[in-house]
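Just need the whole structure built from these sequences, with the hints factored in.
Listed below, chain by chain, are the residues.
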Amino acid sequence: MTAGISATPSKASVAITPPGYHYRDAIRLLFILGLGSEPSGEGAGTVHIFRGEKRAMAIDFLVRYPDYLADELLSLYETERDPDVLAAVQGIFDASEPDVRLVRMVRWHRGAFQNIDTPLAILQSRHLIRTLRLAGRQRRHDFVVEPAAFSFMENVIDQQPSLAWYKERTELVMRLAGLRSGSSLKDDQYLHPEYKDAPLGTEIPSIQGRVLARLERLRGEA
Amino acid sequence: MSTATTSVEDWIATIAEKAKASTDDVRAVLDRHGIEAQATLPRRRRLCLAALRLKGTKRLSEGEVPIDFDRGDLTPGLWAILSDGNFRGKSSLLNIVQAALRGEFPLHIKPDVWSWLTDIEVEFRIDQTHYRVVARKPLGEKDPLLVRATLSRLDGETWFDIHSGPADEAFANAVADNMMDEFGFAKFHAFNKVTGSHTHGWQAIASSLFVNGPGKAVFGEVVQDGMPLRLLQMFMGLPWVSTYTAASTAMKKAAGERERVQGASPARDRLAARLAAVEADLGKARSEVRAQVDRVALRRELVSRDRSVVGFQTKVEEERDRVAELERQASTARSSSANLRRTLQQITDERAAGLVFRELRPVCCPSCDNGIDTRRYASADADGTCALCGTTHVEAEEDPQLLDDLRADAREADEVLARLEAELEAAKRRRRGFEGERDAERRRIDEIKDELSSSEDADAEVRVRSLEAQVAQLAEIIAEHAPAAAVPATDDAEILKHVAKVTKDLYDEMQRDLLKEVSGHLTRLSRDFGIKNVEGMDWTANGVLNIQQGGTPLTFQSLAPGEKLRLRIAAALAVIEVARLRHYGRHPGFLVLDSPAAQEMTADAFAALMASVRTAVSQADDVQVVVGAVARNELLDVVEGKRTLHAKGDRFLF
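Residue numbers (the numbering used here), protein chains in the order written: chain A, 7 to 228; chain B, 53 to 706.
Source of the hints: derived by calculation from the structure; they are not laboratory data. Any given hint might turn out to be false.
Counterexamples of contact, computed for chain B against chain A with all Cβ distances above 10 Å [claimed, not checked]:
(1) THR109
(2) GLY192
(3) SER216
(4) GLN276
(5) GLY278
(6) SER356
(7) ARG394
(8) GLU569
(9) ASP702
Restraint ranges, calculated between C-beta atoms of paired labels, are given here [unchecked claim]:
(10) B:GLY488 x A:LEU218: 23 to 31 Å
(11) A:ALA219 x B:ASP491: 22 to 30 Å
(12) B:ASN422 x A:THR85: 20 to 28 Å
(13) B:GLY436 x A:GLU177: 37 to 45 Å
(14) A:LYS202 x B:GLY485: 36 to 44 Å
(15) B:ASP502 x A:ASP193: 56 to 64 Å
(16) A:THR85 x B:THR444: 52 to 60 Å
(17) B:GLY436 x A:ARG216: 48 to 56 Å
(18) B:ASP491 x A:PRO211: 34 to 42 Å
(19) A:GLU48 x B:CYS420: 26 to 34 Å
(20) B:ASP491 x A:GLY184: 23 to 31 Å
(21) B:CYS420 x A:SER157: 20 to 28 Å
(22) B:GLY436 x A:THR137: 26 to 34 Å
(23) B:ASN422 x A:LYS202: 27 to 35 Å
Heads up, the beta-carbon is just placed ideally off N, CA and C, and yes, glycines get one too.
Printed below as a string of structure tokens:
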């Protein structure tokens, strides 16, 4: 944990180093990779594979931007008319998640991007995740989720129940993402002008005002 | 005849008894209708022509001839104005006398003669009082308004002017009032259903003193309203006559009004129905005129509301600026609050994650993936360093104060945000309030503009005004016909009926005697004057002169012109004679007979006429009769030479 976070306007503290929340990022990545993986074979000792780094980035974006997730969920609701989906969206706003849970990402050439080397190293050093090196010049594309990762995820929630949010949020996102490819998910994300039109190298802006209005409208119709 | 002495009190009491009313009520009705009791007769007064003077210039085809006529020695008795031929000025002289006595110029004076005259002076006496009527005008002038007319009374040695001015109606009224006063004549009241109320006065009396042709009436020139009988009654001197005529007139008027009221009743119903209809229309029209359009007030309101709109708009803008500023502040506060809570969440998560990960020691190097010897962990623990990188552990991140401070800051930021949002909401509410008031003013302004520009409304206004005028007019007409006015008229009419009846009873018997006596004299004189086959004449109390001629009942109107003239002369003489005999008469004792023989009168008849005239004159030393006639022996025989004005041969009288 790094000290010297500029957290309180009253103290007007100056940020000494860029904030780094590597353990938290590692937890988020663990749940995304774990819950987004699929078994590679049959039997108790089989490993799970998470396919696609781009896919991981797309899912991560939806976890880090609750307002974009809400918008996707409202689209899902418009299709399925599942009241649980509407209730989930309402819960996102009731908990001020677009403000509180927001972890900004920067717009790069291939969309929202975050270097995951540090959290990945944390997970790899504990033998929870392993990058699957593929043939050719391709760098990491897939991740192997070790069986220990699943028991660790349970331990995490037992020891720190507040971290259960990451599990629940990842499950909610996975309801949208499923086994869709990263490209397919990013295509959806590019549909948001705020995301698409954000200048390269800048943080992707919030869309919570627009989504809140959409929620109000759909609740009115419900 | 004893009734003539009935007192006024007895008279009123009798009326009250008959009318079943109080004496006070009777007095009130008498007062209201101006009916005066005339229980006794005023003293008889005599009129006598005293002098006649004329100046002027006759403009004849043969040249101008000056006029200078002067007879100042006229006295009571029989006078004759004679000429040997016709058109010698007899009638002109008599007409000038009549015009002067009536104060009406030129009256019957022929236009050419009137234009020749410059000075007319007629002196007369009423008993011992001398009067004079003088008319002066430029030669050739015919307009009476350019005539200077003066009525004067001789007071000792000097003439006192009673009235002086143009020979107009005012002068005629002045003369008439003076004469009526002098003779004590009351004006004759008459009510005619067709023409309404009339008052007859001196002109009617004076005209009856001049008999100059067949005429329309036995007495005077007016036949309406029973005038001949009334003149007869007045000249005969019947007490209560003027009282009766006044009561009778008032009664007819009151009854007439009642009749009109009753007769108007269906009309009133129609008017009332019309009024109701117009009032209904008015109500409708008023409701159509939105809020009683008062254009001046609306324009005033428009100006005031315009000002008001500007005021509200200013406030709206002020609040809008305040809202914008508060929104900016709130946005900042919201952002601060979100940042704080986000940071708090991230640090909390980070610590929780750190705790779970630190329990899970790395089993391999994250860089090279080679396994880590467990002994390295033992020595690192002992040194307080990292087993992998050897860095000394710093537990700085375990600063519990940091989270408390963050939480406090987050709460404070939330409070600030809540306060700002409350202020923002209040400012928005105020802005909305001012916007609402401003918009209401604007709507009212639009309405006013619509009202002002709407021609329909202007028409409706005009319609309302017009209907209001109609309602007012109808209400006025109905009020005029209101039955309320009929109530006193009904009561009055009832009492007046008894006034007239009681009064009439007072003199009826006497009048019957009188009329019988007059009728007798009239019959005799008519026969003497040559009206053939007159068997009898009966002047009834209704004023009708019934004549029995050759077994046929006739009236005055059915006689031949010659007979009419003779009957008129006979009537005038009969009245004078009977009045003299009875000592009641109030005849002025002045009579002018112009050309009495003009209508084919025989010598005997004319002689009889002149004899009668002479008798009338001789029996009363204060009677004056002037006869204008072509000189005939029958006349010359009865008139003293010095009492004649005789234009002999072709000469003119003036």
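A quick look at each hint next to the structure:
no.	hint	in the structure
1	THR109	holds, 121 Å
2	GLY192	holds, 113 Å
3	SER216	holds, 108 Å
4	GLN276	holds, 100 Å
5	GLY278	holds, 104 Å
6	SER356	holds, 42 Å
7	ARG394	violated, 5 Å
8	GLU569	holds, 123 Å
9	ASP702	holds, 133 Å
10	B:GLY488 x A:LEU218: 23 to 31 Å	holds, 27 Å
11	A:ALA219 x B:ASP491: 22 to 30 Å	holds, 26 Å
12	B:ASN422 x A:THR85: 20 to 28 Å	violated, 50 Å
13	B:GLY436 x A:GLU177: 37 to 45 Å	holds, 40 Å
14	A:LYS202 x B:GLY485: 36 to 44 Å	holds, 42 Å
15	B:ASP502 x A:ASP193: 56 to 64 Å	holds, 58 Å
16	A:THR85 x B:THR444: 52 to 60 Å	holds, 56 Å
17	B:GLY436 x A:ARG216: 48 to 56 Å	holds, 52 Å
18	B:ASP491 x A:PRO211: 34 to 42 Å	holds, 36 Å
19	A:GLU48 x B:CYS420: 26 to 34 Å	holds, 33 Å
20	B:ASP491 x A:GLY184: 23 to 31 Å	violated, 53 Å
21	B:CYS420 x A:SER157: 20 to 28 Å	holds, 26 Å
22	B:GLY436 x A:THR137: 26 to 34 Å	holds, 32 Å
23	B:ASN422 x A:LYS202: 27 to 35 Å	violated, 44 Å
When held up to the earlier numbered hints, the structure conflicts with 7, 12, 20, 23 and fits the remainder.
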